[in-house]
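Going down the list, the protein sequences come from chains A and B. Take 507 as the starting number for the first sequence in my numbering and just add one per residue. Take 10 as the starting number for the second sequence in my numbering and just add one per residue.
Check before you lean on any hint, since a few could be wrong.
[As the list claims (entries may be wrong)] DEER-style ranges, computed between Cβ atoms:
1. A:S576 x B:Q119: 37 to 45 Å
2. A:P561 x B:S74: 39 to 47 Å
3. A:Y545 x B:T14: 15 to 23 Å
[Stated by the list, open to error] With a Cα cut of at most 25 Å, we get these calculated DMTMM-like pairs of lysine to aspartate or glutamate:
4. B:K62 x B:D37
5. B:K111 x A:D560
6. B:K111 x B:D37
7. B:K111 x A:E594
8. A:K555 x B:D68
9. A:K564 x A:D591
10. B:K111 x A:E572
11. A:K608 x B:E31
12. A:K608 x B:E39
13. A:K608 x B:D37
I should point out that these hints are in silico values taken from the structure, not numbers from a laboratory. We put the beta carbon where it would ideally sit given N, CA and C, even for glycine.
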Amino acid sequence: AQSVSQHNHHVILSEAASLELGCNYSYGGTVNLFWYVQYPGQHLQLLLKYFSGDPLVKGIKGFEAEFIKSKFSFNLRKPSVQWSDTAEYFCAVTPFSGGYNKLIFGAGTRLAVHP
Amino acid sequence: DVKVTQSSRYLVKRTGEKVFLECVQDMDHENMFWYRQDPGLGLRLIYFSYDVKMKEKGDIPEGYSVSREKKERFSLILESASTNQTSMYLCASSWGGQGGEKLFFGSGTQLSVL
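Isolated chain A, as found in the complex (with noise of 0.2 Å):
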């Protein structure tokens, strides 16, 4: 079965500290690619897609991550975090497979930032 996995659960870095949150899937054929961030107390929102062209992508607040097709990973980076980006992170993949193409999300990493 087509799965996501989110390497790490919870997170907790400085402020300033670089962010790398790790995704990867399991699927071989084409795929949209997104991240989904949940602030405390609000509703899921978009943080950034990938549906095709550079690989390198940017969101909203400085994120960024990357499509590498060989390692089936979407990494989401952001070089400084702040105390504003604590939130749960969603990795989330459309395989396109026929008919209608479902959204499955990883499990999701919990990123707390401490001033």
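With chain A held as given, fit chain B onto it using these hints.
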């Protein structure tokens, strides 16, 4: 801005009760979805609908049913609530298509079944 509104933020129900969770979107989206969110499991798709009166099972449909009588409204029904259905329920919507579109989420309903 797209708005997806879930009728309740918190619900407490008893085992065996029939539970209705309501969701309304205001952007004329074709697709609507119900997910449940559990710690360590991420979001799992329960049901989705790509048109009025149409529904498709997601990954965990057991114990749930849905209704979409109007385009803007998608209801999740727990026929006989059980304690293992205690969870955060998220509604989402998206433009029509074959999948892969951006989803817009509601704020969620935290359901506790006692």
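*Those earlier numbered hints the structure runs against, lowest number first*: Hint check: nothing fails, all pass.
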